[in-house]
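Those protein sequences? They're chains R and C, same order as listed.
If you're matching positions, the first sequence starts at 904 in my numbering and goes up one per residue.
If you're matching positions, the second sequence starts at 12 in my numbering and goes up one per residue.
Treat the hints with care, as some may be off.
The calculated DSS-like cross-link candidates involving lysine-lysine, where the alpha carbons are at most 30 Å apart (straight line), are [to be verified]:
hint, chain 1, residue 1, chain 2, residue 2
1, R, LYS906, C, LYS324
2, R, LYS905, C, LYS214
3, R, LYS935, C, LYS214
4, C, LYS73, R, LYS996
5, R, LYS1081, C, LYS214
6, R, LYS906, C, LYS214
7, C, LYS291, C, LYS60
8, C, LYS324, R, LYS1014
9, R, LYS905, C, LYS60
10, R, LYS945, C, LYS290
11, C, LYS214, R, LYS938
12, C, LYS534, R, LYS1013
13, R, LYS1007, R, LYS905
14, C, LYS290, C, LYS99
15, C, LYS52, R, LYS906
These are calculated hints, taken from the structure and not from any lab test.
Here the structure is a predicted model, which is why all the values come from computation and not from measurement.
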Amino acid sequence: MKKYIIQSIRLTLVLIVLLCIIYPISIALAGKLSKGNGGGEKITKNGKTVGYALLGQSFNKPEYFWGRPSVVSYNAAGSAGSNKGPSNPDYLKEVSSRIDTLLKYNPGLKKSEIPADMVTASGSGLDPNISEQGAAIQIARVAKARKLDEKKVKELVAINTLKPLMGLFGPSSVNVLKLNLALDNL
Amino acid sequence: MNTELIGIIATFLLTLLIAIPLGKYLAKVFAGEKVWTDFLKPLERGIFKLSGINIKEQMDWKQQLKALLTINILWLFYGFFVLIFQDKLPFNPDANPGMSPDLAFNTIISFVANCNLQHYSGESGVSYLTQQFVLMFLQFVSAATGIAAAVVLFKAFRDKTATQLGNFWEYFVKSITRLLLPLSVVVALILTFNGTPASYEGKDQFISMQGDTVHVSRGPAAQMIAIKHLGTNGGGYFGANSSHPFENPSYLTNMVEMMAQTIIPLAMVIAFGYFIRRKKLAWMIFGVMTIGMFMLMIPTLSSELDGNSALAKMGISQTTGAMEGKEMRIGPAATAYWSTLTTVISTGSVNGMHDSTMPLTGLWQLLSMMINAFYGGCGVGLLNYFIYLIIAVFISGLMVGRTPEFLGHKVEAREIKIAAIITLLSPFLILAGTAVASYIFTNHGDAAWAVQPKNWLNNPNFHGFSEMLYEMTSSNANNGSGFEGLGDNNIFWNLSTGIVIFLGRFLPIIGPVAIAGLLAKKKFIPESAGTLKTDTLTFSLMTFAVIIVLNALSYFPALALGPLAEYFTMLK
């Protein structure tokens, strides 16, 4: 028994060196070669950091495309979903009021055109993407607020649409942050 | 066919493509045959030398278990103290506080046991030191513990009669050097180059496009996310686990993470067949597991893609499916597939919030964890399946009136008793645990705990009950996912799930290893016309039936009170 205890202690120490020092530091060093140097890729506008490429941001002004509802208000110091069950009455009320908000700010929008992703909170609260339909229903509002041609806005949406991986795998979606940045840069 | 479904099918096929050769490779590694990774031998020799281990020393099954338990208990003490004192230790750039004793108790058991139930949130609850030197460390070694225990079982059935079953330390170290570490490097690099942070920089801050001040938690995440999947651990670096855009940046990384958590459990089954030279038996086991997995996955997929009927009534469009708690870049189909994998295998990482999935999806998630042997966790999945096999051998023996035998060894009263105890343990822990929790919730709602019992549940009615049932089931299965709405960071949940995780981990390791050790010692009986063959289709069906009947009988009432009741109320 005593032998096992001593072996356990020594083996643990050796493995800590291998698994907690050598392994992670090697990966961190390799990560220096990646975009963002392993600290997360940043997005800049006029030389100032305005966000991280992978993290969604809160948008609620009419001239910007809006992202999905977020429980953490897109503050990436934390991350969480709502954890609301599908039959929870409070939750259903919340969704209903989100639908009303969308209808109010997007005149002419029909209920049946609203996709589920625009009125449901994401899992992380930091989802950077919305569905193509979610972008389509906002084009008229954004174009009006920016006094742009709808066609021009539509083009930008198309450019910032993420197609399925290799055209084959997974859903397509629109990156809200990049789309809004492109709008500002017009 | 739509691209979301093609994505799932491609992921599964790619998984098979990697797992099958990996299994053959593992059989060779543990048999000590020549493999291409033998260039790592000097590293292993160094590790053994520094640790004072002589791998030529043979161990019987009792010594194997003693070694296993000794080192696991050591990790419990080591981790517990680091968690409590992490605020006073270095390497804490975000100045996060030390853990309360009950939270540290829960967390350390959870990570030693390969469960990774998390009652803290990664961004605010742990330091970088804890993340790497305790949590990520344990993700490696707990997976290796499970694999090594399974190899002891392999060894018991390789030769006709055996008392010496090899050296535990050798299996354990090789699981790391030949399997977990090299694969982790590959996966971690893929993640890093797709955007997952890997550096040691602390929190960042910026002004968003609309002028909000935003803080961003970062840190060495890619390293941990690689092993959390490969080792079927599941404990995320960030609170939102693999739904966080940093943990799972794109559909590609999502595919990689889904494959990473599946390949080792699959490969272990193949390795078993090649190691004991009974390939047909392994393929039969593999078949039962795969059919079982699909039977749980297909209805999950359909219930998620159908969307939430309550939202449909509001008149909005749910063309892609249910979206609450899911991420747009991943989509509901891949989230549903993941939710099945992460529950049949005991990973417990999530790429969408299980609490917000449809009632029937919750049912399948719970059932997957209750069965816990369709693939199952690293090594331990096979051990769990072995218990079902022994029960099936026993019942078939009774049915045809012969002495039950498994691979040429008589299965007698002692082995059956152990198997029966292990089988009964899960329903006891899950149902008794949920019953106590429900009792406290209804009768002692005002207890002065960190979260008062009356405030435990994030959802009313049946779904609330499911939250408690899920927590206990996930703990017993060493899964670690949760219906995360549950207010679980308080003394009741920390202690109760800690105990359930501990028993649900170590008894189902001790039991099968003991049975295998006892069987291996017995005289080998050559196969004859009277032998009950365990590698036939009929016997596989029998095993499948045993799995379904045992679990249905144990859990139907509890499932009826939770997800089924919620489903029926939503129908009206």
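Now for the hints, and whether the structure bears them out:
With a C-alpha separation of about 67 Å, the suggested pairing of LYS906 of chain R with LYS324 of chain C is violated against the 30 Å cut-off. With a C-alpha separation of about 44 Å, the suggested pairing of LYS905 of chain R with LYS214 of chain C is violated against the 30 Å cut-off. About 17 Å separates the Cα atoms of LYS935 of chain R and LYS214 of chain C, which keeps this hinted pair within 30 Å; it holds. Only pairs whose Cα atoms come within 30 Å are accepted, and LYS73 of chain C paired with LYS996 of chain R is rejected, the gap being roughly 59 Å.
Under the criterion of a C-alpha separation no larger than 30 Å, the hint pairing LYS1081 of chain R with LYS214 of chain C is consistent with the structure, at around 23 Å. With a CA separation close to 44 Å, the supplied pair LYS906 of chain R and LYS214 of chain C exceeds the 30 Å bound. Between the alpha carbons of LYS291 of chain C and LYS60 of chain C the distance comes to roughly 39 Å, so the proposed pair goes past 30 Å and is violated. In summary, the hint linking LYS324 of chain C to LYS1014 of chain R is supported, as the alpha carbons are separated by about 11 Å, within the 30 Å threshold.
Taking the CA atoms of LYS905 of chain R and LYS60 of chain C, the gap is about 18 Å. The hint holds against a cut of 30 Å. Restraint check for LYS945 of chain R and LYS290 of chain C: not satisfied, since their Cα atoms lie roughly 51 Å apart, outside the 30 Å limit. A C-alpha spacing of about 18 Å is found between LYS214 of chain C and LYS938 of chain R, which places the hinted pair at or below 30 Å, so the restraint holds. Distance restraint check for LYS534 of chain C and LYS1013 of chain R: the Cα-Cα separation of roughly 77 Å exceeds the 30 Å cut-off, and the hinted pair is therefore not satisfied.
For a cut-off of 30 Å, the pair hint linking LYS1007 of chain R to LYS905 of chain R is broken: about 73 Å separates their Cα positions. Distance restraint check for LYS290 of chain C and LYS99 of chain C: the Cα-Cα separation of roughly 53 Å exceeds the 30 Å cut-off, and the hinted pair is therefore not satisfied. For the given pair, LYS52 of chain C sits about 24 Å from LYS906 of chain R by alpha-carbon distance, which is consistent with the 30 Å threshold.
Hints 1, 2, 4, 6, 7, 10, 12, 13 and 14 from the list above are not met by this structure, while the remaining hints are.
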